Amino acid sequence: MTTIRKLVLDILKPHEPNAIDFCLALASVGDRYQINLIVAEVDEKTETIVVTIEAPDINFAEISAIVQKMGASIHSIDEVEVHGEAAL
Amino acid sequence: MSFVLDTHLMLHILRAQNIARRYFITNGFDGALTILGMVTGFYISGMTDISIAISACLGATIALFMSGLSSAYLSEKAEREKELLELEQALIRDLKTSDYGRASRYLPIMIALVNGFSPLILCLLILSPLFLAEQISFLFVSPFINSIVIAFVSIFLLGVFLGKISQTFWLWSGLRTLLIALFTIFIILLFGQ
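Chains A and B, in that order, are what the protein sequence lines are.
Position 9 (the first sequence) corresponds to 8 in numbering that gives the first Met the number 0; numbering is contiguous.
Position 138 (the second sequence) corresponds to 137 in numbering that gives the first Met the number 0; numbering is contiguous.
Where hints are given, some of them may not hold.
What the hints assert, rightly or not - Only pairs whose alpha carbons sit at most 20 Å apart, straight line, appear in this in silico SDA-like list of lysine to any residue:
1) B/Lys81 with A/Thr45
2) A/Lys68 with A/Val49
3) A/Lys68 with B/Tyr105
4) B/Lys81 with A/His14
Note that these hints are calculated values from the structure, not bench results.
These figures come from a predicted structure and were not determined experimentally.
Produce the complete structure using the sequences and hints provided.
Structure follows, in structure tokens:
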């Protein structure tokens, strides 16, 4: 089975929820999700963040839904790491 | 409208508790002072017909409830919609289905309920001696006096609550609001004569 192991996303989010709550929400999507967040830019109402997600099998649809639910939007997928099936 | 409130939506609601607390105190104080004034007016006029006093005070109580409910809902809804629009413009996306959008729909209702029910509950509490006038006739004190005492206690407790919020000495805070109530009575008595 082909799985996504790593994603780096460029996200525009409002100030609330804060970085910790945002990461906790993303990490709750599945088992053994590791989330790294760096704030790239801050303005009056929003902040641009770079989120690195690593997990054995990342569910991008769920990640996208959670981001949308928190009022943020994914501007770009900057990095992807996918692992394919081992050849028999 | 779905009432499934998850963690992030609850966070939005909890952050609005300052506004709700402010409305609780402001409108509660309004209601208590209004009914105190009415009951004092009935007492010094020598009114003996409790049912007329109850009708008048209940009318004022209901009006305060409706006023609190509607004014808070309309003003909070306008503010939340303005905030949501500004955020949507900054994020360049529709936020109606996000936690922000849901909070902007729930919060005005929550705050309106606080703003409406705070004077309603306090006013009904102050009027309770009038409702129970026959049952408490053994006290040999006018039910209006009992209502006035309950009003003073309610206003004092509102002051104590304010003191807890501002972390000042509860007694001074309670006495301060009680002083306002006493001054109100003084003015009523002055005009009454």
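**Message:** For a quick check of understanding: which of the numbered hints are violated here, in increasing order?
**Reply:** none
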